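In the order they appear, the protein sequences are chains H and A. If you're matching positions, the first sequence starts at 57 in our numbering and goes up one per residue. If you're matching positions, the second sequence starts at 878 in our numbering and goes up one per residue.
One should not assume that every hint holds.
Stated by the list, open to error - So these bits of chain H aren't anywhere near chain A, every CB distance computed over 12 Å:
id, residue
1, R77
2, A82
3, K138
Claimed, not checked - Looking from chain H toward chain A, a few residues come up when the C-beta cut is under 10 Å (computed):
id, residue
4, S68
5, L69
6, S71
7, P75
8, F95
9, V105
10, E118
11, T121
12, I156
13, R175
14, E181
Don't read these hints as lab results, they were simulated from the structure. From a predicted model like this one, the values you see are computed outputs, not experimental measurements. Where is the CB? At the ideal position from N, CA and C, for every residue including glycine.
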Amino acid sequence: MSCEQYMIRQISLFSENKPGRLAAMAKACQEEDVNILAFSIAEADGFGVIRALVDKPDIAYEKLTSLGFNVAFTHVIAVEMKDEPGGLFEIASKLSEAGINIEYSYAFSGKKKAILILRVDQVEEAVRLLLQHKINLIASEAIY
Amino acid sequence: MFWDETIETIKPADLKNLQEKRLRETVTRCANVGFYKKKFSEAGISPSDIRSLDDLQKLPFTRKADLREGYPFGFLASPLRDIIRIHTTSGTTGKPTVVGYTAGDIDAWSELIARNLTMVGLTKDDVFQNMVNYGMFTGGLGFHYGAEKAGLVAVPSGTGNTKRQIELIQDFGVTAIHCTPSYGLHLAEAAAEMKMDLPSLKVGIFGAEPWSEKTRIELEEKLGVEAFDSYGMSELYGPGVAFECHEHNGLHIWHDSYYVEIIDPKTGENLGPGEQGELVVTPLTKEAMPLLRYRTGDITMIMDDECPCGRGPKLARFTGRSDDMLVIRGINVFPSQIEHVLLSIPEVGNHYMVYVDRVNHMDEMTIEVEVSRENFHGELADLRRVQNKVIKSLRDVLELRTTVQLVEPGSLPRFEGKAKRVVDRRGDN
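I would like the entire structure built from these sequences, with the hints used as guidance.
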C-alpha cells in the first residue's frame, strides 16, 4: 500500500506577528487564483507560522516566495471525521493507542463531513493505521 | 580626607619626574610583549629611546581591537607564575579581553580604590555594600579589595535579589553603597514599595555606565545619599581610575598611576586642557599587562581650573563614546560582538538591528534578526529553538539577557556605507 497519495503538501509560511501579513498572503493567493481550502495560524513570541492547504501549492509557493515570504512545504494528512459527538475521539484514540503523536492539528466542517488536518510524527504509520480502521483519508489528488 | 596625601597632592615638577621614571619602567616591561616588540621595530625605535613624556608621541596607539589578537595571554608581560588573578571584559568580537594582575597590581589597584573611598569621606567606621557582579567583572573584587584595604566593613552582596539587598542595608546599618546608577534607582523604588527607608545610607558610588546630573538629583533625593561618579575600565585595572571628590565638578584621575592624553579621535592629534576629545591613557604602574597610549573610546576633557580639594587636574564627566560601544546594565557591548554571534548561527541571517530601551530604570536590549530562507522548514517549534539558540549564544558572549525577535528575511534595512544598526531610545540618562 502506498501512503504517498495521502501525504498532502501544506504550505507553511513564516510571518512576523503584525498587521497586514495575512492580508498580503491572501491577496497573493487571490491574484494567482489559488483557493485556500483550510488554514491556521500558530503564534509564538512576536512571530508565527501560517499553515494552509491550497488547491495549487506549487503556484502559491512560487508566488509567495517571489514576494519575499519564507515558505516551506510540510507533509500533513487530511482525515474525514464524523461530524457528531465522538468523531474526534475515534481518530485521536486510534493514534494514541499506536503511540503516534499529533504535533499540531486544525479542522473544518465541510458540507458533508468534518475534515481534520493532522501533522503527526510518524506519517506512514498513521496513514496505514487509519486506513486499517476504515477511516477515510483525503488523497492529495482530491485537493490539487 | 586623604589616604595618601603626599602622592595625592604631589607638586607638578615632582609628578613629572615620577611619571617619566614610571613610563621608562612601563616601556621596559612592554618590551616583553610580542605586540609591542613589533610596534617598536615598526616605528624604528628601541625602548631606551623613550626617556621623557614627550617621547611617548613617537609611539603608536593601542586599540581595544589590538587586544583581541593577543587572546588569551598575548599581552601579558609577566610569566603566569607571577600572575595571581585574571579578569575579563568584553572584546570587540567573540572573545573577551583578558586582563592579568600580579600581586603588585592587586596592591596598587586596591590603593587607588582606598584613595577614592577616603576622598569621599569613608573611614574604618563605615559599612560598605558592594552591589555589583563579583565574577569576571572587575567592579566586584576591585572595590572589595580596596574597601578592605581602607579598613571599611565590606559587604559582598553582589547583584540581584533587591529585597535581600535592602534588608542587608537595614540590618547592617550600611552607610555606603556601590552599584550602577540604574540599579541605584531600582533599589530606591523597591525600598519605597517595601515601605522601608534607608536612614543609615550617606554615600552612593555609581559607576560602570554614564549618568546625568538629572540622575544625580534623583539618586540623592530617593536614596538620601551624596552621589559620587566612579570611572574605570578593566584594561586599566578596573574601577578606581578616576573619581569625584566632594566638589562634584569633574573626576580626579590619579596622575601618578595614569598618564593622560586627550586626542582628536579622527586625527589622533593631542588636544589641550578645556578641549573635548578621546581619553588616551598610559598606565604607569601596571606590571602584568602594561599598555601604551591606550585608546579608551571615552569622550572627556582635562579641566583647566584647580580643585579646592588640593588634588591634581580633573577630567570632565564622561559624555559619550568615540566608537559604537554600548553600556547595557553596566556591561559593555560592541555591536560587532552581536554580528559575530549571528555569523555562527546559520539559521539566521547576518543583518540585525539593536534597540535599547529603559524600562523601570533598567536597560533592555532587543535584537531583531532575520530567519534564513534556506534553513526554514515550516515548523514553529524549529523557529522557537532558533530564537532560544540566539538568546543563549548572545548571553554566553555578552553575559547579558536580551530579547530576540525573529523577523522575515529581507525586512531589515540594508546599509550602504556606515551602518546604523543601533537605536538607543534611553533618553538623557
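Restraint satisfaction for H:I156 [CB to CB of chain A, less than 10 Å]:
At 17 Å from the nearest chain A Cβ, H:I156 fails the 10 Å test, so the hint is violated.
Closer than 10 Å between Cβ atoms is the bar; does H:S71 clear it against chain A? Give me holds or violated.
holds, 7 Å
Would you check whether H:L69 satisfies its interface hint, that is, whether its CB is within less than 10 Å of any CB in chain A?
holds, 8 Å
Assertion that H:A82 lies outside the chain A interface [Cβ separation over 12 Å]:
holds, 16 Å
Interface hint compliance - H:S68 to chain A, C-beta minimum distance less than 10 Å
At 3 Å from the nearest chain A Cβ, H:S68 passes the 10 Å test, so the hint holds.
Less than 10 Å between beta-carbons is the criterion; does H:E118 satisfy it with respect to chain A?
This hint is violated: H:E118 lies away from chain A, its Cβ roughly 14 Å from the closest one there, beyond 10 Å.
With 12 Å as the threshold, tell me whether H:K138 passes as away from chain A on beta-carbon distances.
H:K138 clear of chain A: closest Cβ-Cβ about 29 Å, beyond 12 Å.
Against chain A, is H:F95 within 10 Å by beta-carbon distance?
Interface hint status for H:F95: violated (13 Å vs cutoff 10 Å).
Measuring from the C-beta of H:V105 to each C-beta in chain A, is the shortest one below 10 Å?
holds, 5 Å
Interface hint outcome for H:R175 [beta carbon to chain A under 10 Å]
holds, 9 Å
Using Cβ atoms only, decide whether H:E181 comes closer than 10 Å to chain A, and label the hint accordingly.
violated, 19 Å
Looking at H:R77 again, its CB stays over 12 Å from all of chain A?
Not fine: 8 Å to the nearest Cβ puts H:R77 too close to chain A.
Going down the numbered hints, you'll see the structure goes against 1, 7, 8, 10, 12, 14, while the others check out.
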